[in-house]
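Protein chains in written order, with numbering that gives the first Met the number 0: chain W, 0 to 314; chain S, 0 to 291; chain C, 0 to 324.
Misleading hints may appear alongside valid ones.
Stated by the list, open to error - Going by beta-carbon spacing under 7 Å, a handful of chain W positions derived as facing chain S:
#1 LEU59
#2 LEU61
#3 ARG81
#4 LYS82
#5 ALA85
#6 PRO90
#7 ALA97
#8 SER98
#9 ASN100
#10 ARG102
#11 LEU111
#12 PRO112
#13 ALA115
#14 PHE119
#15 LEU190
Please keep in mind that the hints were generated in silico from the structure rather than gathered at the bench.
Don't be surprised by glycine CBs; every beta carbon is placed ideally from N, CA and C.
Listed below, chain by chain, are the residues.
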Amino acid sequence: MNAIEVKNLRREFAARSGLFGPQKRVVAVDDVTLSVPSGSVLGIVGESGCGKSTLARLILGLLAPTAGSMLVDGQRVADLGRKARARLIQPVFQDPFASLNPRRSIHDTVALPLAAQGTFSRGEVARRVAAVLDRVGLSAEMGTRMPAQLSGGQRQRAAIARALILEPRIVICDEPTSALDVSVQAQILNLLADLRRELKLTYIFISHNLAVVEHVASEVAVMYLGRIVERSETDALFRTPRHPYTQALLASVLTPEPGRGVPDVGLGDIMPDPANIPPGCRFHPRCRIAVERCRVEPPQPMVRGEAAMVECHLA
Amino acid sequence: MSISAVTPVAVPIPQTSRVGRAGFAIGLVIVGMVIAAALLGNAIVSADPFTQDLNNRLIPPFWMDGTQAGHLLGTDQLGRDYLARLVYGARISLLIGIMTVITSGLIGITLGVLGGFFGGRVDDVVLFAITTRLSIPVVLVALAVVGLLGSGLGLVVATLGLLLWDRFAVVARATTMQVRTLDYVNAAWCAGASTSHILIREILPNIASHLAVVGTLEMALAILLEAALSFLGLGVPPPLPSWGLMIAEGKDYMFFSPWVIMIPGAALFVLVLGINLVGDGLRNLLGTERLR
Amino acid sequence: MSLLDVEELFVTFGRTAAVRGASFRIEKGETHCLVGESGCGKSVTALAIMGLLARGGERRAKRMEFAGTDLLSLSDRAMARLRGNRISMIFQEPMTSLNPAFTVGSQMAEVLTRHKGGSRGAALERAIELMDRVGITAPEMRLGQFPHQLSGGLRQRVMIAMALMCDPELLVADEPTTALDVTVQAQILRLLARLKREFGLSILLITHDLGIVARVADRVSVMYAGEVVESAPTSELFRAPQHPYTRGLLACVPVPGKVQREKPLGSIPGVVPTIAPGFAGCAFRSRCSDADMTCEREIPRKAAGATHDYLCRLAPRDVAELQPA
Chain W
0 MNAIEVKNLR REFAARSGLF GPQKRVVAVD DVTLSVPSGS VLGIVGESGC
50 GKSTLARLIL GLLAPTAGSM LVDGQRVADL GRKARARLIQ PVFQDPFASL
100 NPRRSIHDTV ALPLAAQGTF SRGEVARRVA AVLDRVGLSA EMGTRMPAQL
150 SGGQRQRAAI ARALILEPRI VICDEPTSAL DVSVQAQILN LLADLRRELK
200 LTYIFISHNL AVVEHVASEV AVMYLGRIVE RSETDALFRT PRHPYTQALL
250 ASVLTPEPGR GVPDVGLGDI MPDPANIPPG CRFHPRCRIA VERCRVEPPQ
300 PMVRGEAAMV ECHLA
Chain S
0 MSISAVTPVA VPIPQTSRVG RAGFAIGLVI VGMVIAAALL GNAIVSADPF
50 TQDLNNRLIP PFWMDGTQAG HLLGTDQLGR DYLARLVYGA RISLLIGIMT
100 VITSGLIGIT LGVLGGFFGG RVDDVVLFAI TTRLSIPVVL VALAVVGLLG
150 SGLGLVVATL GLLLWDRFAV VARATTMQVR TLDYVNAAWC AGASTSHILI
200 REILPNIASH LAVVGTLEMA LAILLEAALS FLGLGVPPPL PSWGLMIAEG
250 KDYMFFSPWV IMIPGAALFV LVLGINLVGD GLRNLLGTER LR
Chain C
0 MSLLDVEELF VTFGRTAAVR GASFRIEKGE THCLVGESGC GKSVTALAIM
50 GLLARGGERR AKRMEFAGTD LLSLSDRAMA RLRGNRISMI FQEPMTSLNP
100 AFTVGSQMAE VLTRHKGGSR GAALERAIEL MDRVGITAPE MRLGQFPHQL
150 SGGLRQRVMI AMALMCDPEL LVADEPTTAL DVTVQAQILR LLARLKREFG
200 LSILLITHDL GIVARVADRV SVMYAGEVVE SAPTSELFRA PQHPYTRGLL
250 ACVPVPGKVQ REKPLGSIPG VVPTIAPGFA GCAFRSRCSD ADMTCEREIP
300 RKAAGATHDY LCRLAPRDVA ELQPA
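This is chain W alone, in the form it adopts within the complex (with noise of 0.2 Å):
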């Protein structure tokens, strides 16, 4: 049973270059389409301008799609209002220091998607805020804080306390841990691990830290231009990645292994730019391997040896 169900999401921005210039239409979005089973994690890599953030924002209702749809738990998410969307999908942000009203105490804040229900006694709420702070590590005390007397694993321990408080279907954990030390981005990992097994979670796991993916994700979709080029269970995509791209992600990553040299990644200097997607396949002018095909064919998704789904003429 898939807990939720992204069809052919597309996310267009209009963009005016200068002030009397043509508008162009950005595609931050295109085409994705994934779902995840209920109780795994979906891991989403990419880097910058690959959409990632934008796809997040999408599934948690900050911005409308242009055009596809979403359902959770077969349920059509764009009939759901805000208070019954946020029963369902619930975010944990990247920066802890962003991600707490700096004027409200930990209570109030982690007590807010109670209170915005408008369904729940105040007995009710303070009961379910000092159990759900119990569960995050944090003690009662810390609710009477505000976040500026929190640490930076604190505040994001209390951030994912907030995600939690209407046990919610689905966790959106936007790079949650990229803003942290190493010594505690495990400890909140862990956290994240344990809560999953525990309140039988589903997570989308969106980051550009791959082996941080590798450890917490089930399968892995990767992102490039607005769309996923592959898309595979987590140990056979780091075992055999298909798409050049993937390839190339997975070898700039520096393993701490002295000796070892920084690998070139041949990726060429163009950077990715949104506005100007390139015809055919949009990785073609970084690509190692392109050929005159893939400069005017967009490639289709397919099934190609363990990887689910890759886009690529040549995998």
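Model the placement of chains S and C on the given structure of chain W, informed by the hints.
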């Protein structure tokens, strides 16, 4: 990935400049004293600012010859005790300053927050309103309105309040736009919080410090404008002792009894200076919390 | 003589001690990494060396010499003559490190004309040459561009080129790739390694990323709470880390290909303590499983090899005795 470009790290840089700190302290003292004088009024000055005594006209203040006990700052051309008039005038200045700021603040902050938060058409309307307001010459319009509708305390407050909201709007709009992109606002949205909750409980408290600074500066401006209007006879009606009016009445006696014009002029200068120093100090204290 | 010799550096901001007795040396042609997590004092150390501490920061050291010159005794003007000239610095955030109001060309030319004089034309020539060396395409066109017209990776390359304008002997790089995509990061680090070879450059690289340290550094100094808790050649540090913090840190980093999903990631419990004035003993003791009473007193600096030292009461342990990660 880098987060330092978007993080609102509240890093209050300590106000290490001694001049800056001294200025803030002086400003607070000045404003504090004026407020105290205005509030205590009758308790410290026994004389009545309205009682005329034509036998005791133009008595000099205590630092000049010919002064009389009982009139520390002398009397004006109608024999009214000047100290009493000054203190009463402080009340008027402060009252006008505060009432105007409240009015213009309500208008400007509402417009700015709505425009900054919703963007799109709403923002277009707000920007249009701001640009229109900025192209209006405030003093001329105030003069015209008051000239047509007559003078009076309430009218002055209303006119100034309806004209001085632009800085509030601009600052509120800019800060709202910055705060709106922050993740705690997104999280509140995803939590199902209503729009009014987000505006009032998430955004407003986090832009309040910047608006407070604007508030102090607008107050100073309002006080000065009222004085200007009263000087031109189009502000507070006599016999109410607005400082501007006192300056106007005193200009006929400028050469022989200079204190009549000097004292309210100095008082006005000192009060506005004090408010500006407080505003600067507040900005240094709070404004360094970069919203980036 | 070492190129940079720092001994017992202390940096305080009011009552807070950001750096408490850091010592390290950089030899000519060496890439030295200062690694640690947020708040450990690594960036402050670099700023102290460059004389760029924020207002309110005070530095003192037993010795701080660059190629024999005592940096502590230099006046502001003398230090300014060194900066950009013999010691250059590049920063983390490419968006804010370049002045948005001036073209790339004018900013780069200014560095050369200020320090070495000469005509603007000659400076622009050198700018083009360097931009080419750092792999910037169409350098003549870039001269006239403004920073906002360039991507993050390009801006960082411009910064590196700018830092090299006067042929410095030492490059101080404060988290130069943290803000960049991982593929761009690899390119920039390769570039730095190549420039090191071509120019004979020494690099002081500040980072929190152990992967970068492993692949790029010749020597590593690990910092924690303002102190250098371990210092060793890179391979030695990863082979036989001695300090409990170093070992804890290495256990925290997931390595692709060696991931064990069922086991929780290694982590270090607790948080970095605030060091109040009068703090004595080991700053790591609240988080260390081997801590005992002696850790509250002064900690000896032990040697685990000719060039490997660490700040801990524990005796050096051989690789075989250490737990596998």
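Q) Which numbered hints does this structure break? A) 14 and 15
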